[in-house]
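Line by line, the protein sequences are chains D and R.
Be aware that the first sequence starts at 249, since it is given in our numbering, and climbs by one per residue.
Be aware that the second sequence starts at 4, since it is given in our numbering, and climbs by one per residue.
Each hint should be verified, as a subset may be incorrect.
[As the list claims (entries may be wrong)] Restricting the straight-line Cα-Cα distance to at most 27 Å, the calculated cross-link-like pairs of lysine-lysine (DSSO-like) are:
hint	chain 1	residue 1	chain 2	residue 2
1	R	Lys-119	R	Lys-133
2	R	Lys-23	D	Lys-323
3	R	Lys-23	R	Lys-64
4	R	Lys-173	R	Lys-119
5	R	Lys-64	R	Lys-173
6	R	Lys-133	D	Lys-323
7	R	Lys-96	R	Lys-173
8	R	Lys-188	D	Lys-276
9	D	Lys-252	R	Lys-133
10	D	Lys-252	D	Lys-276
11	R	Lys-133	R	Lys-173
12	R	Lys-188	R	Lys-173
13	R	Lys-188	R	Lys-64
14	R	Lys-96	R	Lys-23
15	D	Lys-252	R	Lys-180
16	R	Lys-96	R	Lys-119
17	D	Lys-252	R	Lys-119
18	R	Lys-175	R	Lys-188
19	D	Lys-276	R	Lys-119
20	D	Lys-252	R	Lys-175
Just so you know, these hints were derived from the structure itself, not from any lab.
This structure is a prediction, so every number in the text was calculated from the model and none was measured.
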Amino acid sequence: MDCKEVRDLVTELWGGELSAETRDHVSKCAGCERFLRDAHLAQAGFRALAEEAVPEASLGFASRLIRRLQEWEEKGARSEFFETVGRRFVYATLALTLALLLSLVLPTSGPVRGVAGADFLGLQSNNQSAQPDVIGGDLGDSHDLIPGRLPD
Amino acid sequence: MARLESEVTREIEWIRSVQKGEGEAFGPLVERYQARIFSIVFHVVRRRDEVEDLAQEIFFKAFRAIRSYNFQSSFATWLSRIAVNHCYDYLRKVRASRLSYYSEMTEDGARELERKAESPQSRGLDHGEKVALRDFVGRLLERAPEDDRIILTLKELQDFSVEEIAELLKLKPSTVKVRLHRARKRMLGDLERWRQEGK
Numbered sequence: 249m250d251c252k253e254v255r256d257l258v259t260e261l262w263g264g265e266l267s268a269e270t271r272d273h274v275s276k277c278a279g280c281e282r283f284l285r286d287a288h289l290a291q292a293g294f295r296a297l298a299e300e301a302v303p304e305a306s307l308g309f310a311s312r313l314i315r316r317l318q319e320w321e322e323k324g325a326r327s328e329f330f331e332t333v334g335r336r337f338v339y340a341t342l343a344l345t346l347a348l349l350l351s352l353v354l355p356t357s358g359p360v361r362g363v364a365g366a367d368f369l370g371l372q373s374n375n376q377s378a379q380p381d382v383i384g385g386d387l388g389d390s391h392d393l394i395p396g397r398l399p400d
Numbered sequence: 004m005a006r007l008e009s010e011v012t013r014e015i016e017w018i019r020s021v022q023k024g025e026g027e028a029f030g031p032l033v034e035r036y037q038a039r040i041f042s043i044v045f046h047v048v049r050r051r052d053e054v055e056d057l058a059q060e061i062f063f064k065a066f067r068a069i070r071s072y073n074f075q076s077s078f079a080t081w082l083s084r085i086a087v088n089h090c091y092d093y094l095r096k097v098r099a100s101r102l103s104y105y106s107e108m109t110e111d112g113a114r115e116l117e118r119k120a121e122s123p124q125s126r127g128l129d130h131g132e133k134v135a136l137r138d139f140v141g142r143l144l145e146r147a148p149e150d151d152r153i154i155l156t157l158k159e160l161q162d163f164s165v166e167e168i169a170e171l172l173k174l175k176p177s178t179v180k181v182r183l184h185r186a187r188k189r190m191l192g193d194l195e196r197w198r199q200e201g202k
């Protein structure tokens, strides 16, 4: 039996009965004897610590805690409300800004407005003027655009 | 037996009420478990003046997390797990400085203490010697890594079984045994180094 085996047994059994072989080794080995004494000292120390009186909760600990929890809950609910409202306000502002930007950008682009834009710039040819302008054009000139109506 | 069952049923009712949003139902749970939580905190942290604040924080955490409690383990185990984890975080934050204590003990005093410690249940120790032993192991624990400190405390001071520790720390019982064994060995090894430093 070597020192490592003995020390393993001491920490594994931790206060339990050691075999005769282990005790024999301990009686001849100063290092292991010291180790066993330390183990006993630690065990006694743990026992003394376990006996120590645990501090008790002060009077009204539970009720104080519940009051604090309720305050925290109310505060939490309030801040959640403001957080939600605030978030919605920010989203609404962003959506409005985006809509405004789009309304400024869209009239100068896209196929529908293209004709009107060209018209405005005076670039439209005669043939093109025959084409209907869905927004401002006369639908009477273009029967094929009226759904469900056959051309003459 | 019937009384125990009715207590368990009542506890389940309280938990379900809190889960539904009735905060007042948490009160009886706090009252039932405050001694247990105070004991865990005191033994792990060993700072008398911090125990109540830490216990309050633990109950706060438990209250906030109670909706996630699914009755798979007992409420005591679930709550103790929160306590142990909270203590672990606390210990990491206020890592105790390395102390030297063994050199403070006179050689004769230490030898006498050792002799008495060898007797079963350490009979014959007077109050002063018990205080010295508490101080001695308390400081040894302070020097130990957080994992060792927690597992040793649960076993030696809280008197939890290996199975209870395994459930609490979500480990296998065999792993708990190995960790306990290593923690004790490290602690005794540390003591040996400590003594040599003190010489």
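So, going through the hints one by one against the coordinates:
For the given pair, Lys-119(R) sits about 10 Å from Lys-133(R) by alpha-carbon distance, which is consistent with the 27 Å threshold. A distance of roughly 18 Å separates the Cα atoms of Lys-23(R) and Lys-323(D); the hinted pair therefore holds under the 27 Å criterion. Only pairs whose Cα atoms come within 27 Å are accepted, and Lys-23(R) paired with Lys-64(R) is accepted, the gap being roughly 17 Å. Between Lys-173(R) and Lys-119(R) the alpha-carbon distance is near 37 Å, which puts this suggested pair outside the 27 Å criterion.
Annotation: proposed proximity of Lys-64(R) to Lys-173(R) holds, straight-line Cα distance about 19 Å (limit 27 Å). Proposed proximity of Lys-133(R) and Lys-323(D) is contradicted: the alpha carbons are some 48 Å apart, above 27 Å. As the CA atoms of Lys-96(R) and Lys-173(R) are separated by approximately 23 Å, the hinted pair is consistent with the 27 Å bound. Simply put, Lys-188(R) and Lys-276(D) have alpha-carbon atoms about 21 Å apart, close enough for the 27 Å limit, and the pair holds.
The straight-line distance between the Cα atoms of Lys-252(D) and Lys-133(R) is roughly 31 Å, outside the 27 Å bound, and the hint therefore fails. Using a Cα cut-off of 27 Å, the hinted pair Lys-252(D) and Lys-276(D) holds, with the two alpha carbons roughly 15 Å apart. With a CA separation close to 34 Å, the supplied pair Lys-133(R) and Lys-173(R) exceeds the 27 Å bound. The hinted pair formed by Lys-188(R) and Lys-173(R) meets the criterion: a straight-line CA distance of about 23 Å does not exceed 27 Å.
Among the hinted pairs, Lys-188(R) with Lys-64(R) is inconsistent with the structure: their alpha-carbon atoms are about 34 Å apart, more than 27 Å. Restraint check for Lys-96(R) and Lys-23(R): the C-alpha separation of about 34 Å exceeds 27 Å, so the hint is violated. Among the hinted pairs, Lys-252(D) with Lys-180(R) is consistent with the structure: their alpha-carbon atoms are about 18 Å apart, no more than 27 Å. With a C-alpha separation of about 37 Å, the suggested pair Lys-96(R) and Lys-119(R) falls outside the 27 Å cut-off, and the hint is violated.
Of the supplied pair hints, the one linking Lys-252(D) and Lys-119(R) holds, its CA atoms being roughly 26 Å apart against a limit of 27 Å. Our distance criterion of 27 Å between C-alpha atoms is met by Lys-175(R) and Lys-188(R), whose separation comes to about 20 Å. Restraint check for Lys-276(D) and Lys-119(R): satisfied, since their Cα atoms lie roughly 22 Å apart, inside the 27 Å limit. Straight-line distance between C-alpha atoms of Lys-252(D) and Lys-175(R) comes to about 25 Å, which keeps the hinted pair within the 27 Å bound.
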